[in-house]
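Here's the letter readout for the chains.
2 protein chains.
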Amino acid sequence: MSEQKLPTDLPLLKDLNIGNITENVNAINSRCEDARMKFLFEKLVTHLHNFARETRLSIPEWAAALRFLVEVGQISNDVRHEFILLSDVLGLSLLVDAIDHPKPPNTTEGTVLGPFHTTDAQHVESGEQVSFDPNGEPLFVLCFIKDTNGRPIPNVCIDVWETDSKGFYDVQYENRSSPDGRAILTSDQDGMFAFKAIVPVPYPIPSDGPVGKLLEKLNRHCYRPSHMHFMFKKQGYSQLITALYLRNDPYETSDAVFGVKESLIVDLHQVSDVEGLREKYDLASDMKLLEYEFVLVTDEESDCLREEEARRQAMKEGANIKVVNGLLISK
Amino acid sequence: MSEQKLPTDLPLLKDLNIGNITENVNAINSRCEDARMKFLFEKLVTHLHNFARETRLSIPEWAAALRFLVEVGQISNDVRHEFILLSDVLGLSLLVDAIDHPKPPNTTEGTVLGPFHTTDAQHVESGEQVSFDPNGEPLFVLCFIKDTNGRPIPNVCIDVWETDSKGFYDVQYENRSSPDGRAILTSDQDGMFAFKAIVPVPYPIPSDGPVGKLLEKLNRHCYRPSHMHFMFKKQGYSQLITALYLRNDPYETSDAVFGVKESLIVDLHQVSDVEGLREKYDLASDMKLLEYEFVLVTDEESDCLREEEARRQAMKEGANIKVVNGLLISK
Chain A
1 MSEQKLPTDL PLLKDLNIGN ITENVNAINS RCEDARMKFL FEKLVTHLHN
51 FARETRLSIP EWAAALRFLV EVGQISNDVR HEFILLSDVL GLSLLVDAID
101 HPKPPNTTEG TVLGPFHTTD AQHVESGEQV SFDPNGEPLF VLCFIKDTNG
151 RPIPNVCIDV WETDSKGFYD VQYENRSSPD GRAILTSDQD GMFAFKAIVP
201 VPYPIPSDGP VGKLLEKLNR HCYRPSHMHF MFKKQGYSQL ITALYLRNDP
251 YETSDAVFGV KESLIVDLHQ VSDVEGLREK YDLASDMKLL EYEFVLVTDE
301 ESDCLREEEA RRQAMKEGAN IKVVNGLLIS K
Chain B
1 MSEQKLPTDL PLLKDLNIGN ITENVNAINS RCEDARMKFL FEKLVTHLHN
51 FARETRLSIP EWAAALRFLV EVGQISNDVR HEFILLSDVL GLSLLVDAID
101 HPKPPNTTEG TVLGPFHTTD AQHVESGEQV SFDPNGEPLF VLCFIKDTNG
151 RPIPNVCIDV WETDSKGFYD VQYENRSSPD GRAILTSDQD GMFAFKAIVP
201 VPYPIPSDGP VGKLLEKLNR HCYRPSHMHF MFKKQGYSQL ITALYLRNDP
251 YETSDAVFGV KESLIVDLHQ VSDVEGLREK YDLASDMKLL EYEFVLVTDE
301 ESDCLREEEA RRQAMKEGAN IKVVNGLLIS K
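Those protein sequences? They're chains A and B, same order as listed. Going by this note's numbering, the residue at position 252 of the first sequence is 252; the numbering climbs one at a time, nothing skipped. Going by this note's numbering, the residue at position 195 of the second sequence is 195; the numbering climbs one at a time, nothing skipped.
Honestly, the hints are just simulated from the structure, not real lab data. Check before you lean on any hint, since a few could be wrong.
Given that identical chains are not distinguished, each listed pair holds provided it fits within a single copy or across any two copies.
Claimed, not checked - Once the Cα atoms are required to be at most 20 angstroms apart in a straight line, the calculated DMTMM-like pairs of lysine to aspartate or glutamate come out as:
#  : residue 1 : residue 2
1  : 14        : 249
2  : 38        : 216
3  : 261       : 23
4  : 217       : 34
5  : 5         : 216
6  : 322       : 61
7  : 261       : 249
8  : 261       : 15
9  : 14        : 267
10 : 14        : 262
11 : 233       : 188
12 : 213       : 33
Given these sequences and hints, build the entire structure.
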């Protein structure tokens, strides 16, 4: 990179100290031409500096934090997302999902995506097998998808994923050759989709990396309660990332990643409770059943709500903030 | 990791939302047995969440930030410290140094360490060569170290490092076999140390990685003004990390890492200006000279000041904060 001709309107960055560093970093960053990025960095730098000032962060603590972040980056790869995991255990993932996917009452709540979603799951037909672990307790999953007016939504693309009976996702095995415990389905004309899975089990999030060590130092356990992940996509509808949790799991109220919501907790029943189900899908009589009705929100409903909540936040932030495309920026 | 017996006093982490997630993450983290770590995480989580709430951070923005952090970690290695560089360009490094190394008036100010210090520099005797770049403009550096009472401090261990004439540190060359442009010296009975170097040049911080790309998006240049780094260590004295800058450098007031302080800016003179210097060190008559007097602070003076400033910050934070060993913790 060759020397550049300097613009003449740069702020004078000299003799910066505890008191004036923040305004000056923000001044030089304010030349950013992307209004949203400029706003994000102003807030980021302000919070980062206030954190350091309020705690009087020491050099050894700063150095330890940077070493930790390097480790989190270095253990990450295509199938291990340690930074998502870090975001999860700090409650940031749950918070950002709640902010970006506002839900009207009586629609299905979202929850954390987690670090184990992949994009290589295979499409299966309704009623087919998703988990092939012979040691898992068989579970039939029968779901319906509706809109906020109670009408079924056909042709929704549904991603489902769960661990095996030992509590590990397929990607956590080094010798993984093809997806297991995950699939993509499509809802039919009644908004219905169904598949054969196994009863979810509680499991520890990966505890052999820097995030696991952090939880240990924080004196926190690393368990997630039994759950199954779902992701719903259809043109015109707000993407829903959620999960269903089993009632009375030992970790129901202490999920390491803060994902449990009462509305997402389910009781398991028997397939024999639903007339004709065993025959239709050729199921064993003692097979457990998970039934759930998901309610999706349209893009329009979601955008409208997001815009409304953004305006409310902008009001709180004061006169210098405005909302463009549902996002806050400085005026 | 086997399932653990759960403590009975865990907070109930269920139905967490934008409004209550922060207090609940802090509640579960408050079981941490290290009082300082507990305090740091309470502040960290609060600022992180407030940043997301105030900006209404979107999922794509969150995902982009995590991808960026992964890249910063992955490009880092023993000689490339991209997270330090990130901290530098956000002004955090300058701030933390100022917090942790408070300086009484009339003592030498500190500045950013930067990502290019190494621990493999060789010891050289006073007056010896530190930079071997034949294309550099020769410079003789003559310094004295004093305490706050004006008394010389002997036997200080001094680390010096600078770029070559092209603006690159030795570690930025792939084929680096041994240190160049860096050395360790010891001050003599008069607190004096001297060495042969080259006149520093302005240089871009590494711009081929994620931090360089970030600066570009922020519409910031990536240059540092001409400077030479110094680090001083002696038992009983507060470690001083600083640098000297050349007056009238084009980047004097727009340093990409915010390090320039008026008190650290120097004018170069000629070695012939100091009587007997040329003869003593066998210097060419037209050689440039950098002279400076560093004033170090004792550990006692520094600890006292740090304690005082910590107490002042604790007062601001309110009744729940106390100071232990100069660091803030919750009562």
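Against the structure, the hints come out as follows:
{"no.": "1", "hint": "14 x 249", "in the structure": "between (58 angstroms within a copy, 13 angstroms between copies)"}
{"no.": "2", "hint": "38 x 216", "in the structure": "between (37 angstroms within a copy, 13 angstroms between copies)"}
{"no.": "3", "hint": "261 x 23", "in the structure": "between (41 angstroms within a copy, 16 angstroms between copies)"}
{"no.": "4", "hint": "217 x 34", "in the structure": "between (39 angstroms within a copy, 8 angstroms between copies)"}
{"no.": "5", "hint": "5 x 216", "in the structure": "between (51 angstroms within a copy, 15 angstroms between copies)"}
{"no.": "6", "hint": "322 x 61", "in the structure": "between (37 angstroms within a copy, 18 angstroms between copies)"}
{"no.": "7", "hint": "261 x 249", "in the structure": "within (13 angstroms within a copy, 59 angstroms between copies)"}
{"no.": "8", "hint": "261 x 15", "in the structure": "between (50 angstroms within a copy, 4 angstroms between copies)"}
{"no.": "9", "hint": "14 x 267", "in the structure": "between (64 angstroms within a copy, 17 angstroms between copies)"}
{"no.": "10", "hint": "14 x 262", "in the structure": "between (54 angstroms within a copy, 7 angstroms between copies)"}
{"no.": "11", "hint": "233 x 188", "in the structure": "within (14 angstroms within a copy, 73 angstroms between copies)"}
{"no.": "12", "hint": "213 x 33", "in the structure": "between (40 angstroms within a copy, 14 angstroms between copies)"}
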